[in-house]
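Once you have looked at the hints, place chains F and W on chain U.
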Amino acid sequence: MKTPWMKIAALGAAGALALSACSPSASEDAGAEAEGGGGGGGDTITVGIKYDQPGLGFREGNNPPTGFDVDVAKAVLAEMGYEEDQIEWVESPTPQRENMLENGQVDMIFATYSITEERDERVDFAGPYFMAGQDILVRSDEEDITQPEDLNGRNLCSVAGSTPAQNVRDMYADEVELVEQDGYSECLTFLQSGQVDAVTTDDIILAGLAATEEYAGQFKVVGNPFSEEPYGVGLPEGDTENCEAVNEAIQTLQENGTIDELLATNTEGVDYEANAELNDNIELVSCGE
Amino acid sequence: MEDILFLFEQYPIFEGFWTNIKLAFWSSISAFTLGVILALFRISPVRSLSWLSAAFINLVRNIPLTVLVVMAVLVFWGQLQISLHSDFNTNFFLLATIALSMYHAPFFAEAIRSGVNTVPLGQAEAARAIGLGFFSAARLIIIPQALRGAITPIGNTLIALIKNTTVAAAGSVLEASGVMRTMIEFNPNLMVAIFLIIAIGFSLIVIPVGLITTWLSEKLAVTR
Amino acid sequence: MSNQYVLFDTPGPRAKRITTLLNIVVALLVVGVLVWIYRALDAQGQMEAHLWWNAINVNAWVNYLLPGIQFTLQAAAIAVVSSVIFGLLFGFLRLAPVRALRWISMVIVEFFRAVPVLVLMVFLHFFFSQFMAAVIDPRNSAYYAVIVALTLYNGAVIAELVRSGVRSLPAGQREAALAVGMTTTGSLRNVEVPQALVAMLPSLVSQFVIILKDSALGYIIGFAELLRYSRQLGAGYGNIMQALVVAAVIFIVINYALVWLAQILSRRLSSRTSGDVAIGIPGVVQFAGDAPAEAETTDTRSQAIIAKEQREE
Numbered sequence: 001m002k003t004p005w006m007k008i009a010a011l012g013a014a015g016a017l018a019l020s021a022c023s024p025s026a027s028e029d030a031g032a033e034a035e036g037g038g039g040g041g042g043d044t045i046t047v048g049i050k051y052d053q054p055g056l057g058f059r060e061g062n063n064p065p066t067g068f069d070v071d072v073a074k075a076v077l078a079e080m081g082y083e084e085d086q087i088e089w090v091e092s093p094t095p096q097r098e099n100m101l102e103n104g105q106v107d108m109i110f111a112t113y114s115i116t117e118e119r120d121e122r123v124d125f126a127g128p129y130f131m132a133g134q135d136i137l138v139r140s141d142e143e144d145i146t147q148p149e150d151l152n153g154r155n156l157c158s159v160a161g162s163t164p165a166q167n168v169r170d171m172y173a174d175e176v177e178l179v180e181q182d183g184y185s186e187c188l189t190f191l192q193s194g195q196v197d198a199v200t201t202d203d204i205i206l207a208g209l210a211a212t213e214e215y216a217g218q219f220k221v222v223g224n225p226f227s228e229e230p231y232g233v234g235l236p237e238g239d240t241e242n243c244e245a246v247n248e249a250i251q252t253l254q255e256n257g258t259i260d261e262l263l264a265t266n267t268e269g270v271d272y273e274a275n276a277e278l279n280d281n282i283e284l285v286s287c288g289e
Numbered sequence: 001m002e003d004i005l006f007l008f009e010q011y012p013i014f015e016g017f018w019t020n021i022k023l024a025f026w027s028s029i030s031a032f033t034l035g036v037i038l039a040l041f042r043i044s045p046v047r048s049l050s051w052l053s054a055a056f057i058n059l060v061r062n063i064p065l066t067v068l069v070v071m072a073v074l075v076f077w078g079q080l081q082i083s084l085h086s087d088f089n090t091n092f093f094l095l096a097t098i099a100l101s102m103y104h105a106p107f108f109a110e111a112i113r114s115g116v117n118t119v120p121l122g123q124a125e126a127a128r129a130i131g132l133g134f135f136s137a138a139r140l141i142i143i144p145q146a147l148r149g150a151i152t153p154i155g156n157t158l159i160a161l162i163k164n165t166t167v168a169a170a171g172s173v174l175e176a177s178g179v180m181r182t183m184i185e186f187n188p189n190l191m192v193a194i195f196l197i198i199a200i201g202f203s204l205i206v207i208p209v210g211l212i213t214t215w216l217s218e219k220l221a222v223t224r
Numbered sequence: 001m002s003n004q005y006v007l008f009d010t011p012g013p014r015a016k017r018i019t020t021l022l023n024i025v026v027a028l029l030v031v032g033v034l035v036w037i038y039r040a041l042d043a044q045g046q047m048e049a050h051l052w053w054n055a056i057n058v059n060a061w062v063n064y065l066l067p068g069i070q071f072t073l074q075a076a077a078i079a080v081v082s083s084v085i086f087g088l089l090f091g092f093l094r095l096a097p098v099r100a101l102r103w104i105s106m107v108i109v110e111f112f113r114a115v116p117v118l119v120l121m122v123f124l125h126f127f128f129s130q131f132m133a134a135v136i137d138p139r140n141s142a143y144y145a146v147i148v149a150l151t152l153y154n155g156a157v158i159a160e161l162v163r164s165g166v167r168s169l170p171a172g173q174r175e176a177a178l179a180v181g182m183t184t185t186g187s188l189r190n191v192e193v194p195q196a197l198v199a200m201l202p203s204l205v206s207q208f209v210i211i212l213k214d215s216a217l218g219y220i221i222g223f224a225e226l227l228r229y230s231r232q233l234g235a236g237y238g239n240i241m242q243a244l245v246v247a248a249v250i251f252i253v254i255n256y257a258l259v260w261l262a263q264i265l266s267r268r269l270s271s272r273t274s275g276d277v278a279i280g281i282p283g284v285v286q287f288a289g290d291a292p293a294e295a296e297t298t299d300t301r302s303q304a305i306i307a308k309e310q311r312e313e
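Residue numbers (the numbering used here), protein chains in the order written: chain U, 1 to 289; chain F, 1 to 224; chain W, 1 to 313.
None of these hints come from the bench; they were simulated from the model. Computed from a prediction, not measured in an experiment: that's the story for all the values here. Heads up, some of the hints might be wrong.
[Said to hold, decoys possible] For each label pair, taking beta carbons as the anchor points, the in silico distance ranges come out as:
#, chain 1, residue 1, chain 2, residue 2, range
1, U, D120, F, I29, 22 to 32 Å
2, U, E237, F, A193, 31 to 41 Å
3, W, W36, F, W18, 30 to 40 Å
4, W, T20, F, T33, 37 to 47 Å
5, F, A221, W, T10, 23 to 33 Å
6, F, I29, U, E237, 52 to 62 Å
7, F, F8, W, M47, 42 to 52 Å
8, F, A193, U, E143, 46 to 56 Å
9, W, L73, U, N281, 46 to 56 Å
10, F, W18, U, G238, 49 to 59 Å
11, U, N62, W, L269, 38 to 48 Å
[Claimed, not checked] A few chain F residues that don't get close to chain U, going by computed Cβ distances all over 12 Å:
#, residue
12, P45
13, S50
14, Q123
15, L132
16, G210
17, T213
Just so you know, even glycine gets a beta-carbon here, dropped at the ideal spot from N, CA and C.
One chain only, chain U, in its complex shape:
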């Protein structure tokens, strides 16, 4: 008499277990492992990147990732003696970057990671390998927007909960109409159709987005950055050894012009130049403080 109930309970429990075993990150890890397995011996290194930032860190499924951050990571690790197939890529979304370094889920992070004092308390930074600054992206034929003050009375798009949009509102243009989206890619579709007049965030992110095949030639970065965002390499607290190695590699890559080259290839087709003043004399942080 009890069997039907037992059956239901057993079936339910078994089903729930079987299904929850393949949670989103579990399948992601499996993919990464399968890829890492092809390397054949040698230590692998886990690198956190963005998966959804075209031009900086972008990856579709298990295809090889692309973008400026990814290319810099590859070059730095090559200097440090790692082959490309020893690198295991992992997605590190903005809110989880510190956590992932603390839990040891990643060995280093190249993901539009600005060095700030607040973050420096939880993790260590090497670099910076690039100096970004908040800037404005507009349609190529836009003449009237050259600085943040020009945004008054215009429509602006930015990412929900992000500081860039609030910055503009608080400091430059309090009469701007602001729409917040989940990602900058959505903002670009609005900019393209004309529903907003400008998109704001770090210049390199804007340039990377505008360089995607679908949008090439349609947008320009205003080129008047109004903040300084030093992009560093995130490392677990106290990893001085890697920090020094990364710094050394970055030094080399800056001197032989590789970083400039990588920047140029990843922002091709966009009217954009990195802030020369800041990027010509990058002062690397000192490790182990």
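Frame of chain U, contents of chains F and W only:
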């Protein structure tokens, strides 16, 4: 306790709920109107109208509301460039109202249809037998009874609609669930209290509607 | 169309002519509107083949749509199983002979039915990533928040379904069980709930449709399900409209399949229970002892009358 007072001072909790109420008010009116039209089409003897209504009902109620709200902003406004208002907040509010109305209209239509179904055939036959035409039969005999039968399902749809106004958060509308999100983000230590404030807020809106529905349906019940 | 006969008299020759005319007008209108929409979209450049192709080619399916469908179905399936367990447990407690148990379970059930699922989801998402990081990988907290929120809400709805299912059984079932010497809980467990459950199965499938649709709420808290994947696809390839339309069509197809299954089930099962086997309206929460059950009975009655009339014709 002080922390909680601070929350009420610091964050637009009441404004958030007020947005939900406004959304619910406007979208329930337009969803109900659309629902009546759909129901009339659905039960009309004109095949094409009936099919049209069935097609709309079956398409819309199988699409998640979130998809409709996101489409309203990303496609309707973002791609097709249909602006309803130059002020962004009003514009997104109107878009969310349209999405909510579209989504709930089929449920109102089904509620009304099930109400019409509660009217026994004999009532219509009797009405015709005493010589009433279509409109007088509908007005005097069928619709009053049908509406009474439809009260409970209409009330349930209304409750679902009120709760679903939170989905407007996906369409860039700042309402209670969005306020809750911001509050928790900046005060993670008060997480449970914040959740309870919002949850109780919704209960205070939803429960009276449920009670009124039950009361009405009992008071107006047709004894057969 | 059973209710034609309630509101409308059987059409005579003039009414038939008007109907035909109306049919033609409506058909023309529909075609006209569709053409107008197509033209408007075409004028916006939204009908270009490559935009649509990018939303349905191999890359779209492999990297976006299939993973999206997988996680949508997976989250919904787990939520269905666990909400049935939750629902049975609380449905039982709602009928328990101890008053305190009935009260506590009623408060819990009513609470989860009154709170919007999204509010629950947002809270659980933060809660899991803040306090449960040791148990749940923070990267998965959105996924688990979706499952748990759907479980609590739909479990509460199912608890009500169980309760009203038992209530709607003929009293004779319970009386017979008591007469052969079963206790009240014995009768509940062995006679009433199993029958109510069989009668509920079709509504449970409609509940699956609701859960599946509600899993799209996970999009708002960052759970990578079908909607999020297709939005990413659209944002990456500049074809957001096409990608979202594809997602909507996929949702419709899956839900249609489920509703179809529910109809087959309800036909198969009506012989195995003394309760009403009725399909609820997907998306509308059915409250205890509702009119719909009554509505369905009149519906079948009038259908039977029409069927008879048609046979006679």
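Consistency of the hints with the structure:
no.	hint	in the structure
1	U:D120 <-> F:I29: 22 to 32 Å	55 Å, violated
2	U:E237 <-> F:A193: 31 to 41 Å	33 Å, holds
3	W:W36 <-> F:W18: 30 to 40 Å	38 Å, holds
4	W:T20 <-> F:T33: 37 to 47 Å	28 Å, violated
5	F:A221 <-> W:T10: 23 to 33 Å	31 Å, holds
6	F:I29 <-> U:E237: 52 to 62 Å	57 Å, holds
7	F:F8 <-> W:M47: 42 to 52 Å	51 Å, holds
8	F:A193 <-> U:E143: 46 to 56 Å	51 Å, holds
9	W:L73 <-> U:N281: 46 to 56 Å	54 Å, holds
10	F:W18 <-> U:G238: 49 to 59 Å	50 Å, holds
11	U:N62 <-> W:L269: 38 to 48 Å	44 Å, holds
12	P45	44 Å, holds
13	S50	38 Å, holds
14	Q123	44 Å, holds
15	L132	54 Å, holds
16	G210	30 Å, holds
17	T213	33 Å, holds
The structure shown violates the earlier hints numbered 1 and 4.
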